[in-house]
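J.: Sequence:
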Amino acid sequence: MGGRRLRPLPARIPALMLDLAVLALLLLVALGVGRRLLAAVPFEWALEEAIFAIALGLGLLAYVTLALAEASLLGRPALLAALALAAAWSRRELVAGVALGVRGARRWLDGSPTRSERAALALGVVIVAAELVMSFAPPVGGDQTKYQLVYPRLWAEAHRVVATPWSFWGYLQYLMNLLFAAAFALRGDVLARLLNAAYGVLLAFAIFALGRRAFGRQTGVWAAILFLTMPFTASLMSRAWVEFALSLYVILAVLAVLAWRRSRSGAWLGLAAVMAGLAAGTKLIGLLAPALLAVVVALDVLRAGGRRAAPAAARAIATFGLVAALVGAPCYARNAVETGNPIYPFGYGVFGGRNWSADAARGLDAYYDAYRETQAARRGGHAYHGVEALRFPWDATMAPQSFEEAGRSAYDVGPFLLAFAPALVLLRGRRDAGLLLGVASAYATVVVFGMWAHPRYIHPALVLLLIATVEATARLRALGPAAARGVTAVLVATVLVQTALTARVLAPLWPDSARVALGRMTPDAFLRKNERHYALASLVRAHVPPNGNVLLLGMIPHPYYYVGRPFTLASPLEQGAIDYRSIANVDDFVNAIRRYGVTYVVREDEPDKRAANPVGERVLRLWDDLLARAEKIGDTPDGALYRLTPAMARADGAA
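With my numbering, the residue at position 226 of the sequence shown is 266, and numbering never jumps.
FYI, nobody ran anything at the bench for these hints, they're computed from the structure. These figures come from a predicted structure and were not determined experimentally. Just to be clear, a hint being listed does not mean it is correct.
Stated by the list, open to error - With a straight-line Cα cutoff of 30 Å, these simulated DSS-like cross-link-like pairs (lysine-lysine) come out:
(1) Lys569 to Lys672
(2) Lys186 to Lys569
(3) Lys672 to Lys186
Stated by the list, open to error - What follows is a set of in silico ranges between Cβ atoms, one per label pair, in the way DEER data are often shown:
(4) Gly181 to Leu125: 32 to 42 Å
(5) Met57 to Arg132: 21 to 31 Å
(6) Arg634 to Ala547: 40 to 50 Å
Quick reminder that beta carbons are idealized off the backbone N, C-alpha and C, glycines included.
Go ahead and model the full structure; you've got the sequences and the hints to work with.
T.: Quick look at the structure:
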């Protein structure tokens with residue numbers, strides 16, 4: 041008819057739609073499997089059941105991925121076969137779960153939801169959609185390109201578990217990293233980051249569910265939207281982290297314990313142990329979840345039965361702990377088999393461990409002590425010692441940039457928690473509030489005083505405190521109509537301010553991320569503009585053949601996520617396989633690296649890391665002597681690339 045022809049979609053858009061479709065498939069299969077396994081749990085609410093089911097299903101997918109990797113079968117065919125079998129096994133529950141979800145959404149709409157609920161849902165959808173755009177561009181910066189995504193991709197490319205004696209980060213691969221490996225085997229890094237975002241959305245729903253069950257629907261709504269608009273949440277959504285998964289499993293474990301205390305249903309208690317076990321399997325610090333909740337369960341049994349219930353309390357702790365240990369064990373078992381230490385490289389004094397030493401452990405501790413001191417200087421202070429950690433709530437609120445190399449708002453939790461902490465006294469006498477506050481306080485206390493005071497490491501406690509604080513502010517409404525209006529105004533203002541700060545967190549990368557998603561900017565152009573280390577990685581990729589092996593010299597070396605070549609890390613901090621303490625000269629150094637098949641060397645330019653070398657200037661001299669014997673190929677502002685002579689390296693360039 042002479043009309044305009046429709047423009048074809050950019051090639052990248054169908055690829056992104058396929059990533060979203062695969063994510064939907066994973067969530068649906070997880071829903072079906074989880075619903076079938078949880079049929080005995082007396083859920084009162086379809087949304088609550090769906091959250092637990094998907095969380096359980098994704099956890100099982102992670103362990104299936106580990107099993108396939110151990111069997112050298114990690115790849116798309118094996119994963120698709122496993123998903124097909126799981127879908128067939130749970131097809132009735134899957135279909136019924138979707139139908140329940142549709143009916144539940146219709147009932148919610150027909151039930152005239154409040155304005156606050158509609159506004160919260162609309163704002164939440166907009167924020168999540170904006171944050172998802174960041175997942176469609178290549179990952180940039182942070183721990184995701186240092187280890188969170190690096191080793192999962194290494195496993196997926198090799199179709200198996202890859203030993204990394206030259207880096208302990210390869211053994212800090214837990215549940216979420218296994219899901220990243222599955223994502224790489226199925227699609228790539230976009231799917232991996234979408235899985236992280238999916239956990240963030242599930243966590244928001246879990247916050248709503250726990251707030252609703254513990255206190256009421258409005259508390260759940262406000263807590264969820266305050267979480268979603270928090271700038272800290274935006275930082276975690278826009279990169280591949282594990283905090284969302286850890287917090288989700290902790291929140292669900294607390295919710296299940298709360299339901300058990302009300303119903304005394306053994307199914308709820310068993311589910312609490314399973315969720316606590318998944319928390320332990322997500323991150324080493326997650327071991328706190330089953331430990332704390334087992335104590336909660338035992339104390340509750342004692343409260344109900346008195347001293348005569350002591351044997352029952354002991355059995356409750358043992359049973360809860362056993363179930364949680366079995367669920368959380370796979371990743372720790374893998375480490376124990378491969379290194380001799382289930383929590384490698386930590387706990388060396390107790391467990392020992394291959395390719396590590398007491399000196400290496402002390403050197404790493406010294407480095408991180410110096411790192412904390414350097415970051416604390418950004419708030420005009422020093423690293424915490426002893427009771428000085430009592431300042432942490434204030435510093436985390438007023439100077440969130442002083443815990444890591446990040447922008448002012450990246451880890452911003454907002455002033456709401458600190459400002460309304462005194463209102464928590466209004467919750468005294470409430471058992472459910474006591475559960476949330478007790479677990480949060482114990483978790484945060486252990487981490488802040490016994491481990492590392494950092495906002496990311498207390499994320500589950502922050503979420504629990506957020507729910508309780510929202511309920512505490514709601515109690516102020518009882519003071520009269522003016523107080524009720526004031527509480528609403530404060531909550532609305534907090535949401536709006538947090539939304540503005542979230543936009544500020546997303547702003548630097550969002551426009552270019554959107555261009556990549558729409559096919560108007562290539563991933564290569566995006567990385568050249570936004571990834572500081574990409575120029576050096578590109579130099580390596582251009583000159584090193586696919587069968588080459590790159591030795592990275594640096595204190596905290598970046599594995600160059602975009603290199604696409606085998607690599608070996610030679611940090612004196614993050615490994616003990618290349619034992620600099622026993623290397624006397626460059627010939628010894630060459631012999632030490634030769635067994636890894638190294639053919640090329642990258643020397644990072646990192647002047648700020650030199651003082652953190654625990655072995656001494658001798659390491660730098662060894663590196664300089666090695667490079668003096670090598671051929672320089674090229675350099676960038678971040679480092680230089682060298683080729684080893686055949687006499688120094690194996691000619692085959694083993695991967």
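J.: How does the Cβ-Cβ distance of Met57 and Arg132 compare with 21 to 31 Å: does it lie in that range?
T.: 28 Å Cβ-Cβ, so the 21 to 31 Å window holds.
J.: Just to be careful, I want the Cα atoms of Lys569 and Lys672 compared with a cutoff of 30 Å; is the pair within it?
T.: Measuring from Cα to Cα gives roughly 26 Å; hence the hint holds.
J.: Using the beta carbons of Arg634 and Ala547, state whether their distance is inside 40 to 50 Å or not.
T.: The hint (40 to 50 Å, Cβ to Cβ) holds, given that Arg634 and Ala547 are roughly 48 Å apart.
J.: Tell me if the straight-line CA distance from Lys672 to Lys186 falls inside 30 Å.
T.: Since the Cα atoms of Lys672 and Lys186 sit roughly 25 Å apart, the hinted pair holds (cutoff 30 Å).
J.: Taking the beta carbons of Gly181 and Leu125, is their distance inside 32 to 42 Å?
T.: Check passed, 38 Å falls within 32 to 42 Å.
J.: Is it true that the CA of Lys186 sits at most 30 Å from the CA of Lys569?
T.: holds, 19 Å
Going down the numbered hints, you'll see the structure goes against none, and every one checks out.
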